[in-house]
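> Order-wise, the sequence lines are chains B and S. Our numbering applies: residue 1 is where the first sequence begins, and numbers increase by one. Our numbering applies: residue 1 is where the second sequence begins, and numbers increase by one.
No lab work stands behind these hints: they were computed from the structure. Errors might be hidden in some of the hints.
Listed below are the simulated DSS-like cross-link pairs for lysine-lysine, each with C-alpha atoms no more than 30 Å apart in a straight line [what the hints assert, rightly or not]: (1) B:Lys105 with B:Lys447; (2) S:Lys48 with B:Lys103; (3) S:Lys104 with B:Lys62; (4) S:Lys48 with B:Lys363; (5) B:Lys408 with B:Lys363; (6) S:Lys48 with B:Lys105; (7) B:Lys73 with B:Lys62.
Quick partial rundown of chain B residues pointing at chain S, CB under 10 Å, derived from the structure [unchecked claim]: (8) Phe127; (9) Val131; (10) Ile174; (11) Pro227; (12) Gly263; (13) Val264; (14) Asn265; (15) Glu266; (16) Met267; (17) Trp270; (18) Gly357; (19) Asp360; (20) Met361; (21) Gly365; (22) Gly366; (23) Gly466.
We put the beta carbon where it would ideally sit given N, CA and C, even for glycine.
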Amino acid sequence: MLNLIPLFVAVPMGLAFFTLITSKFSKRTSDVFTFLGVSFLAYLAVRLITAGNLDYMVGGWKWPLGIQLHVDKLTVILLLIINVVAFLATLYALSYMERYTAKPKFYALLLLMIAGMNGVVLAGDLFNLYVFLEIASLASYALVGFGVESEELEASFKYLILGGVASSMILLGIAIVYANTGSLNMADIAQFLSTHGERSSIYFVYALFLMGFGLKSAMVPFHAWLPDAHPSAPAPISAMLSGVLIKALGIYAIARIFFGMFGVNEMLGWIMLLLGTLSMVVGVLLALGQYDIKRQLAYHSISQMGYVMTGLGVGALAGSPEVAALGIAGGLFHAINHATFKTSLFLCAGAIEYSTGTRDMRKLGGLYKRMPFTSTATSVASLSIAGIPPFNGFWSKLMIVIALFQAKLYVYAAITVFVSFVTLLSFIKLQKFCVFGELKPEMKSVKEVPVSMVIALVVLALLCLGLGLGFPFIEGFLLDAASGLKELLVFNI
Amino acid sequence: MIVYYLCLVMFMLGIYCLIAKKNIVRKIIGIVIIEYATNLFLVFIGYKHNGIAPIITPEMQDNIPAFAAQSVDPLPQALVLTSIVIGLGTLCLMVALAIRLNEKYRTFDTTEISSLKG
């Protein structure tokens, strides 16, 4: 297994350029190669579950000199989310992207984005994390503007400007860390900082990283780009951006760097908790007033990322290790669940747009008669995101609320429950306007979407249900991952 | 020490340019200034007064500690090269988007490019 780890980056990156070249000679090759590539990656990610902690040194250089690829339980969770969602999004894109020209270019950018995200998650040193983060970000800027209509270009430019500032801040932070510790390897820096004690310039780095990665994960007040960028992209990319990208580049990086490298303290815990709660509340309140389906879903992404951040914040604040592990495990599980239901919702929104030609809820209605699969998938995912048992969203929200209660943060627990209620309200609106209600006369001729899109939607709906019902089986894995995250990174071969 | 602070001042100037200017091209220039300030900061980290190039010649082979104390740090230079290449990629994409935006809206003014709201 150890020698297969570099394939997570090498396969998509190689395929990105290979498909672009071969598409010159034959039209269908890019479809076939991309699909085979992402299937292989999803298979690799599933196989990695039982592998345990691994460290791969690129080129055989001794630690801490060379480039290190680090795999632990947190990495495995993220790799699973990224590659499974990428597989389903590609399956969906096979039919959906027929409407766009330049399909091979779309696949090339998608594969580059997957390579970048896999690289971020695997990177064991700060500079590689930065480089892969830039690869994934650049691919996503281009994908947001893929439709080259005026709104899409505007959203892409906005995203690019804000993302560019965030990347520069991250690089500046990395430079200051290097100046202080003389190393870029995360485990090495963790060792250095724990033996040499606190340095005041590290606090400046905290601020830079919180701003940089906070912007990538769209925490309020750094969220302004997300509601424009995510709805503007083609549906499979919206699903990838909301379902995976903000987690891999934002939440994962914050968790890895602050928990594993700097080591959390009370101040960081409070900052994470406040950022998380603010995102939760502001995101969901802004979502209530939206009538564009995708825009509403994008605001919910901000709110749900707030849940994950709150879980991490409790993990950093709580005194007892059990409560901390419960909070972090809740946050990680919510990240997994968000990947399933938000991907599903964005793909459903894409399917509705594909069939009816509109994303405005007020023009839709009664779709369950015409599009049974899409409607069922929308309902399942809506119930999941609103936290209705037995779907998966319920368990992760419950874990976070229980951890907040046990850490004696009663006000935050109450806010979390309240936000969950408002989320339910918002999704009842979505259900009422799109799935149920009167079928509009102009919607009489609407048909169900093609088979490959339906398969992706059904698999995601089953995952929502399966993760909810199978929760007792994965709880142990999550708690292990959470208690592993609490400790500083060490090098292990 | 003062050069480090000047780098941060340049970073701030870039952010000011980004916020205060309404023209897309000037915003792009603001981003580029921010990137260059970061790159300059990286180069200064590896700088050493009267330092030598970090290449071991045969006569230095027997006195490695003295060589290490005298030579500049090569790692930040490698990082800066990578980051310049990334900056070039970002710049290309920004300019391409600016051209497309100008085709659609017939202007570079961001106050007029605002179809996305709420």
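> Hint by hint, note whether the structure agrees.
Okay, the hints, checked on the actual structure:
Between lysine 105 of chain B and lysine 447 of chain B the alpha-carbon distance is near 29 Å, which keeps this suggested pair within the 30 Å criterion. Restraint check: the Cα-Cα separation between lysine 48 of chain S and lysine 103 of chain B comes to about 51 Å, which exceeds 30 Å; the hinted pair is violated. About 53 Å separates the Cα atoms of lysine 104 of chain S and lysine 62 of chain B, which puts this hinted pair outside 30 Å; it is violated. In summary, the hint linking lysine 48 of chain S to lysine 363 of chain B is not supported, as the alpha carbons are separated by about 67 Å, beyond the 30 Å threshold.
Between lysine 408 of chain B and lysine 363 of chain B the CA atoms are separated by roughly 46 Å; this puts the pair beyond 30 Å, and the hint is violated. A hinted pair counts as satisfied when its Cα atoms are at most 30 Å apart, and lysine 48 of chain S with lysine 105 of chain B does not qualify at roughly 45 Å. At most 30 Å may separate the alpha-carbon atoms for a hinted pair to count; lysine 73 of chain B and lysine 62 of chain B meet this at roughly 23 Å. Interface restraint check for phenylalanine 127 of chain B: the shortest CB-CB distance to chain S comes to about 6 Å, inside 10 Å, so the restraint holds.
The closest approach between the C-beta of valine 131 of chain B and any C-beta of chain S is roughly 6 Å, which is under the 10 Å cut-off, so the hint is satisfied. Because the smallest distance between the Cβ of isoleucine 174 of chain B and any Cβ of chain S comes to about 8 Å, under 10 Å, the interface hint for this residue holds. With a cut of 10 Å, the hint placing proline 227 of chain B at the interface with chain S holds, because the nearest CB-to-CB distance is about 8 Å. With 10 Å as the threshold, the beta carbon of glycine 263 of chain B stays out of range of chain S, its nearest partner Cβ sitting at about 23 Å, so the hint is violated.
The interface hint given for valine 264 of chain B is violated, since its Cβ lies 26 Å from the closest Cβ of chain S, which is over the 10 Å cut-off. Among the interface hints, the one on asparagine 265 of chain B is violated; its C-beta lies about 25 Å from the nearest C-beta in chain S, farther than the 10 Å criterion. For glutamate 266 of chain B, the interface hint is violated, since its Cβ never comes within 10 Å of a Cβ in chain S; the closest pair sits about 28 Å apart. Annotation: interface hint on methionine 267 of chain B violated; nearest CB of chain S at approximately 23 Å, more than 10 Å.
Violation of the interface hint for tryptophan 270 of chain B is found here, the shortest Cβ-Cβ separation to chain S being roughly 26 Å, above the 10 Å cut-off. The beta carbon of glycine 357 of chain B comes no nearer than 19 Å to any beta carbon in chain S, farther than 10 Å, and the hint placing it at the interface is violated. A hinted interface residue such as aspartate 360 of chain B counts as satisfied when its beta carbon comes closer than 10 Å to some beta carbon of chain S; here the least separation is about 13 Å, so the hint is violated. For methionine 361 of chain B, the interface hint is violated, the least distance from its beta-carbon to any beta-carbon of chain S being 14 Å, above 10 Å.
Taken as an interface hint, glycine 365 of chain B does not check out: its beta carbon lies about 22 Å from the nearest beta carbon of chain S, beyond 10 Å. Of the supplied interface hints, the one on glycine 366 of chain B is violated, with its beta-carbon coming no nearer than about 27 Å to a beta-carbon of chain S, more than 10 Å. The interface hint given for glycine 466 of chain B is broken, as the beta carbon of that residue sits about 36 Å from the closest beta carbon of chain S, more than 10 Å.
Violated hints, listed in ascending order, are 2, 3, 4, 5, 6, 12, 13, 14, 15, 16, 17, 18, 19, 20, 21, 22 and 23; each of the other numbered hints is respected by the structure.
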